[in-house]
Amino acid sequence: AQSVAQPEDQVNVAEGNPLTVKCTYSVSGNPYLFWYVQYPNRGLQFLLKYITGDNLVKGSYGFEAEFNKSQTSFHLKKPSALVSDSALYFCAVRGMGGATNKLIFGTGTLLAVQP
Amino acid sequence: DARVTQTPRHKVTEMGQEVTMRCQPILGHNTVFWYRQTMMQGLELLAYFRNRAPLDDSGMPKDRFSAEMPDATLATLKIQPSEPRDSAVYFCASGNTGSGNTIYFGEGSWLTVV
Numbered sequence: 001a002q003s004v005a006q007p008e009d010q011v012n013v014a015e016g017n018p019l020t021v022k023c024t025y026s027v028s029g030n031p032y033l034f035w036y037v038q039y040p041n042r043g044l045q046f047l048l049k050y051i052t053g054d055n056l057v058k059g060s061y062g063f064e065a066e067f068n069k070s071q072t073s074f075h076l077k078k079p080s081a082l083v084s085d086s087a088l089y090f091c092a093v094r095g096m097g098g099a100t101n102k103l104i105f106g107t108g109t110l111l112a113v114q115p
Numbered sequence: 001d002a003r004v005t006q007t008p009r010h011k012v013t014e015m016g017q018e019v020t021m022r023c024q025p026i027l028g029h030n031t032v033f034w035y036r037q038t039m040m041q042g043l044e045l046l047a048y049f050r051n052r053a054p055l056d057d058s059g060m061p062k063d064r065f066s067a068e069m070p071d072a073t074l075a076t077l078k079i080q081p082s083e084p085r086d087s088a089v090y091f092c093a094s095g096n097t098g099s100g101n102t103i104y105f106g107e108g109s110w111l112t113v114v
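Line by line, the protein sequences give chains A and B.
With the working numbering, the residue at position 40 of the first sequence is 40, and numbering never jumps.
With the working numbering, the residue at position 112 of the second sequence is 112, and numbering never jumps.
In case anyone wonders, no lab produced these hints; they're calculated from the structure.
Certain hints may be false.
Straight-line distance between alpha carbons at most 25 Å, and here's what the computed DSS-like set of lysine-lysine pairs gives [claimed, not checked]: (1) A:Lys58 x A:Lys102; (2) A:Lys58 x A:Lys69; (3) B:Lys78 x A:Lys102; (4) A:Lys77 x A:Lys49; (5) B:Lys62 x A:Lys102.
Produce the complete structure using the sequences and hints provided.
Okay, structure coming up:
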């Protein structure tokens, strides 16, 4: 069965510092990996995804994520955090085809950026 | 700007009442998902449709929940009778077939059952 783990409930970072939000996954075959962001009282917004190719994926709002197959990780990163980045971040994984073609989400990580 | 549209945005109802939530997927998308979000359980997949046919509803309590797609532009999630433990945010999302395709979420229906 496929699964996603976000080991940190909350990440605190000062504005201007780099940030990392961690994600590890388990899936049969090649993974399709996604990051979404949720602002208060809003729906989930797509940030970026890894399908194939370059392990470093760039997405919206200056975010990027690095796919590491050997460590089964897909950590979200940003070189310089903004207060407006404060939100709930979800990692998600999808397997290939059939019954595994669901998008399964992690439990979410709350990012708090202090001014 | 194409988006998934959900109604109602907010609903407060009494225990035992029927609740119907509606979703208009993005035009051209052929897969529709219903998710439920609570503090305790996080995001749970309730049901999943492809080309209007239900593919997986194993996450949905069968005794009181039902999900349908009467046509390609409308998906519904119904709770009858509603209970306080159903209080949650219900999200609809749509996308196209293919594991690499992105799915897009609506703004959610915020349900409170008192």
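Hint check results:
At most 25 Å may separate the alpha-carbon atoms for a hinted pair to count; Lys58 of chain A and Lys102 of chain A meet this at roughly 23 Å. With a CA separation close to 17 Å, the supplied pair Lys58 of chain A and Lys69 of chain A stays within the 25 Å bound. With a C-alpha separation of about 21 Å, the suggested pair Lys78 of chain B and Lys102 of chain A falls inside the 25 Å cut-off, and the hint holds. About 13 Å separates the Cα atoms of Lys77 of chain A and Lys49 of chain A, which keeps this hinted pair within 25 Å; it holds.
Of the supplied pair hints, the one linking Lys62 of chain B and Lys102 of chain A holds, its CA atoms being roughly 19 Å apart against a limit of 25 Å.
In this structure, none of the earlier numbered hints is contradicted; all agree with it.
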